[in-house]
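Chains as they are written, first to last, in the numbering used here: chain A, 5 to 394; chain B, 6 to 646.
Don't read these hints as lab results, they were simulated from the structure. Nothing here was measured: the structure is a model prediction, and the numbers come from that model. We treat Cβ as the ideally placed atom computed from N, Cα and C, and that holds for glycine. There could be a bad hint or two in this list.
What the hints assert, rightly or not - Beta-carbon label-pair distances, calculated as ranges:
# : chain 1 : residue 1 : chain 2 : residue 2 : range
1 : B       : PRO537    : A       : GLY246    : 39 to 47 Å
2 : A       : PHE248    : B       : ALA348    : 53 to 61 Å
3 : A       : LEU387    : B       : SER531    : 37 to 45 Å
4 : A       : SER169    : B       : PRO260    : 51 to 59 Å
5 : B       : CYS505    : A       : GLY246    : 57 to 65 Å
Unchecked claim - Straight-line C-alpha distance at most 27 Å; calculated DSSO-like pairs for lysine-lysine:
#  : chain 1 : residue 1 : chain 2 : residue 2
6  : A       : LYS378    : A       : LYS392
7  : B       : LYS288    : A       : LYS98
8  : A       : LYS378    : A       : LYS390
9  : A       : LYS356    : B       : LYS461
10 : B       : LYS512    : B       : LYS351
11 : B       : LYS461    : A       : LYS98
12 : B       : LYS72     : B       : LYS114
13 : A       : LYS12     : A       : LYS392
14 : B       : LYS41     : B       : LYS72
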Amino acid sequence: MQNTFIAKNPSVLWFLLGLSIFTVVVSILSEAAGTAFISTSFLKTLGKTLCLCLVAIAMDVVWGYCGILSLGHFAFFGIGGYAIGMWLMYDRTKDIVVSSLENNILPPTPEEITTAIGTQIFGVVGSTDFPVIWAFSHSLSLQLLAVVFVPGVLALVFGWLAFRSRVTGVYLSILTQAMTLALSLYFFQNDSGLRGNNGLSGLQNIPGLEAVSQATLSLWFFWASASALGAGYLLFAWMTSGKFGSVIRAIRDNEARVRFLGYHVESYKLFIFTITAMVAGVAGALYYPQAGIINPAEIAPIASIYLVVWVAIGGRGRLYGAVIGAAVVSLMSSWFTGGSAPDINLGIYTVKWTDWWLVLLGVTFVAVTLFFPKGIGGLFDLLARKEKQS
Amino acid sequence: MRFALIALILTICSAPAATAQNLQSILQTFTTEIAKPSRGTVGDTLDAIAASGLPQATPFLEQWSEKNVWQRNDGMFFIGLASGDTLALTDIDTQAISTAQKSDFKQLKPNGGVRRLIGTALVQFQLIDPDVSRRTTAVASIARRPEAAQLAPLLASIDPEVDASLKARKIQLANFLTARFAGGPVDRIAAIDSLSTDTSVEARAVLNLILTTTSGVASAQPTGNIAAILDPLDAPIVSYFALVDAGLAVAKQTPADIKRALEANIIDGRIAGFPLAQMDNAKTREAAYAALVDDGMVPTLITDTLRDATLTDHIFYELYDEPNATITAAAISALAAVDTRVATAKIADLTLDALSLASIFFLAAIGLAITFGVMGVINMAHGEFIMMGAYTGFVVQTFVSNYTVSLIIALPLAFAVTFGAGVVMERLVIRRLYHRPLETLLATFGISIALQQLAKNIFGTQARPLTSPDWLAGAWVFNDVIQISYIRIAIFVLALMFLCLIIHILKRTRLGLEVRAVTQNPGMASSMGIDPDRINMMTFGLGSGIAGIAGVAIGLYAKVTSEMGSDYIVQSFMTVVVGGVGNVWGTLAGAAMIGFGQKGIEWLNPSNTLAAQTYMILFVILFIQFRPKGIVALKGRAAGD
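If we strip away everything but chain B, and leave its shape as in the complex, we get (with noise of 0.2 Å):
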């Protein structure tokens, strides 16, 4: 069938319509095979219909198998549609619509099976339909559902097909069916090295399905193409199921089972002979049970013993659907050198999420790592900073509809917010603490629990979403394994915004020379005519409005609730103190080092962020053993002490 199917595609391409027939004098000949059709005679009707290559043939396959055929009594068939007791008749040559009675028509009712093989000749008009939307439905439905017959007509529509992708997409799509079906291993072998380059979900699935085993066991070396002769003790439960499944064995008694023989063998209070009460131990169990089978009430316990030893006698083994020896090994190849690829992209994957996870973590420590640098004051309110931008974000975003125009307006906006809160805050309370560092912390904390519940009290306990605009929506994707989110993108390009930013202010503006010379001596620095409290005032403003900004930024990807300060405080601290105090490219430094080591423990353990996060925390403990300073070390007076 599959030739005449190649033979008939070649006749469709070459001359469509050479013959002068009609459809309905074709489905004449096969009258009885139409209207009782089996999966075993209904080839020959397919490949007749499909030889004609009318027109007309595609439609009227389309409603045989949605079972819209009707046959009349004379023998004819329409194309019908029933309501009530009348028929909404189409002709199947001529299109010409009339109406019947019911009972003159018998409706064709195609089993599954038959439909399978209609849907499969379907394909073959689709693929070379004139509308693109059919051949791309064709394409689709191939790559859902591979088949072996499908392998012709797709070959036979590349050379027409005139869309460049869709034509790309079939001959990507045949080199998958060559790979599984085609009938010389030649070819298959060929198909199959040429998938070694493709990382694609697809080409993974084709070559594990060339790969499928099925697993077996036998008293002998079983012969065909084996994959592997398993040991049955490395899981010898397992092993004496599959051997019980096989026939080949009795199955073991479960404890539960030896209960239940126990008591099932009860005589007057007395197990053979054991009083009941001994009972409470595996071990007079045991022996119980050994007497009953020694009088033949129960049969044989199964020990491990035995069962290894039966196990031993069995051979198990897997075998390769694939009866080609060097199919299979030219897969196994392909397959080697694409998980090669595979974990290098990866691998590639990992650095790009480690990427975003720093760059959020910078964005969130880097205002700290300004205000504690610079004023050795510790913000415990940082967070709830980043909380209030969060929050800017939200209700710039309830007032203006349009989200890439409320983002826009959000950033400045929280960034000014938080600015003024954070000039306020240094005014009022940390400017009467600056000698006592540690009341600094606790001042900050009090503010940090107020400002939490006030934000709770205002906007409620449930989170608020911030939605991104459609720009940032999606991900960029490269091929099947790396792909990463616009927003993250998005966040990783502000981060580098802001380290540029941070570091033109510091190096490059004379608000960042005075900065850095309070930093290295207030003292010196106010006698030369340097107001340290100016300085000290723009500078938490700086800390605090960066936070405002992270904040917008965090939200855009997590949800902003009055508890998302808390969530980020601890590791932003860590950030700015494994980096070294004082200095924007340890908090750098800091950033990379916790964001890439997060995310290579989540590698090592997946599935358990909590763990990560956990055993990130104890390594940055124990690395604080080693550089108390951090990973950037301010050196001389500045470093303090």
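In isolation and in its complexed conformation, chain A is listed as follows (with noise of 0.2 Å):
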């Protein structure tokens, strides 16, 4: 009992069972279950905090546990998106198309369709042919390969390139973030074939499942998500216990010193960095239906940063940490921003939060990383240390 994986990892089982305890009474709360206590909408936004908080863990695996500060992370997330994004548009898209040809003379011929949906979807960028990258848009399982193996072979090039010529540190960080600039802009250019800045839209209406509420739509997308965060969660909890967590966490701590243990760093830190671009082109592709729209303002530079500063605040190296940092500040970013916090009256000047919610977040990062290097996180240690005491 004492070298099994859970005894190692106390946190996994506490963390599975409060997953599931909160997707049961999320559940029973919703709208599909007829209470609604739970607007659907704010069901979606659940949701999508969970797909946060798994490209959150990913990320924290990639900097809390093997010290590479990718400012990347987000990028993959938003490719993941736009790939179930280009079959949800395409299929729905045929949809409509295949109906409103229905009532012409003659039955429609293949290349007629084709055309068709490529002006519904191109003609924002005054195209209507389909580029290269949408050959495979027509199938589902072809795009969900896709969701995962872009991202993927993306971070492997890149990986590859950086820490084959020992890229490290502050430098890694700069070239992940020009990386995910030169995506952002990218995806902008209308000729992209992306659709510019327009993004893809309408992805929250699932083809073949018109029939379906969208209430009952995103309880299921919310029980996807929870299912992935908790795959996420073991799947990570594992690989960073046992030889090839203390590996990695060697690697953070001293990268020289395990080079010179005879350990091939660069494999290492490549298998983790890809890995994680896979899990995070997940989350994107779990999130992107739930939100509707995904535009490349999604993945400019600042998100990615954004995704630092959760799992910053959070606790970085552990993964519960993340969660937290994840979902609080996500949460609270909404709840700031969506202008239902109350206004604080000073007298001689009003604190609007839409205004000064970003300042205080700011700061509050400044502080913890000054302050509490450990995050939210840390506070359990605080309360392990006071149990072991008493």
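Combine both chains into one complex, guided by the hints.
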């Protein structure tokens, strides 16, 4: 019993238990269950938050465990979203086009259907032809593979180039940020074939499931997100425990020493970088159908920085810390910037939270970095120590 | 008529007002032609009026063309302005003013063609008008709408011209006109050859006009000055359209036409025997159409093969409008020479652009290079310091209305403000994180987020203008190709000044000595009595202060927004990383490389700056693979690792 995975990672059981209870409670209170204590839009917010938690634990593994401060993981998240969005948009547009062409005297040819879909999708950027990257958009299974493998291959190539030439520390961070900027600039172009700054929209409508209400769909996506988060948590907890986990933590603490001990540091880093990018892609693919729209602004460099902020505030180097950070900060962000937070009247000046939330977040982040490097997760250490003392 | 004009110009020049006639009597000899002018008959009248050389001819022609000339019942002409029923009349010769009943007069309304001829006749008077502004207007009107008839008067007006610049312009314009309209091919070719050194847009337009072509299609080789014989199969669809337009072929059916034809021939749910449900692919549709053709219901389908066969049976050609082949040949070689010159000039212009972009990158990055190089500290809030400097300039401008003065105040003030901000940040945050560089990155992120939002709260989200003084407005124009705005020159000069200043500080001052000592070995430096904390603080302040000045400079040509910092931060970091950390020359090399690289990519792929930025970033990422330490790498212990 001493050496089993669970015994070494007691947090996993607690986390899975908490997640299950949370999922069950939310399901019971949702509109689909009939009680409707939680509105569908809030259910979507919760589902999206779970996806953000998933990308946050991926970020935590790559940064908190392996010491690679990647400023590009939200770009992988976005690519996952685009990959699934292409299928959603293609298939739904196809349904619409086919039903509108049904009234024609002659049954439409495949070419006519393709042209009509192309006009529908790419009309906004002044084109009707399908770009090469949409070649697989007709197939759900191929696009699902793309969700995992496009971010994966991108991370593999980029990581191989970067780690091979021993780019580390802040240099690597800057380089990943440059990659993110290049990607978002590329997505912003009209001729990149991804509809420029219009992005992909109408993703909340799932083709073939038109009969299912949005309330039910949201619940399904919530379940999917919760399962993905649970699975991701298990995967990463398993990866970071045991010998492999020790090696990557050692790389974080002293890369040169690990190399001298005979480990091939680059391979470990590349593996971690790639697998977390793939998980980020999955998280994005679950997030954007709930958000309904994706555009290049989502993957701008600042988004990846916020991801770092969540993990840092939650407490890096522990998976539950990342989950807490992402959940707390992203929910607070939407609460404060959504305008539902009460303004504070100081007599001479009214503090509007929509204006001041980012200032507060920035200052908090500085304070956390300076004084609480362990973040919110550090509180659990304090509790544990008190328990031991008593 | 051209010779008549030349003759009359000569008369005017040699002996103005030699005849004692008055204008009215000349006009009376042409009563019918003036009252009912047509393009064919008015020429003689104009020649006669011009030949008179009378000074009142010019105003008369002007008024005539503006429909202000009236004819009395007895045939006499007057300049008149109608108001209600009365006419305010001016006598054509004596300028005597009188009024009369409108009913006794008839207004002369020359048509557009006549008015153009009048205008041409007028130009020859205006070209030798004593008033220089009228002459300038006349020259400008010739430049706007050059015509063959203007050549002779223009040539004649060159010698008497007293204004030197106008004379040069007249000679240039006469050259253009000679190239296009002169009578003999020898004159034209000489003029065309002389244009081969002129890179102005006008000269190129003249050459291109000489080389205007008309494309056409025929079944046999056409006669004339052939510019090119085209292969119709290069663009078969377009060529076929031309063939159809020329009436040499039947239009090809579009898929929509075929569909319409099929739909029109549905009988009992079948088309030529094919059931409707089978019409969901192109193959059966074609088969059905072919069956309809066999039944004689629809015209034969023009397939791609048929179309191509028809195309190859015809000759597609481009014919020069200019019939003389030697002239077009001269124009082609002149244009080729001009194009070479223009290409050289474009490269020079591109170099200037790249230079100015590089100096902007240099200004934005040099502060960062100092803090990063000396202290190993990444300052993600550097972009926000740039923004702070730009907003300082904006605030100064709202208080000081004179733009020159406000700029002079803003530059040092921006330095002071950002220097102060940098020092405060160093003392409060960065000092605590010296041994954790990644944490500095994070903390400065936080500061950057907070500062950006603060700026948004204070100044709003809309862009604020930072107006440059008048002496910085406009551009320095070498010729029609090479020009550079004064602001960009100013930024270049500013960057150069800062390069010298920083090298001076680092290499020639006590502070610079201490900074270099701390950079190389902080422990040893402090044991030599240098206070590393003070040096770090000063360095950070200096780096931030330069960012502030860069902000003012950038704000002058770009809009000031709260997000302007984030536009420059990644580029600045790349400049530093590419150049090599901790070296001013490295930053210069990095800025030059990124500036020139970006402009170069923009040149290869114009109208897409986003793509240029994307590819430049990719290039930098690859570059780092081969020189991870940048262009100018530090060696020895200072390189650290």
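>> Flag every earlier hint the structure violates by its number, smallest first.
In response: When the structure is compared with the hints, numbers 10, 11 turn out to be violated.
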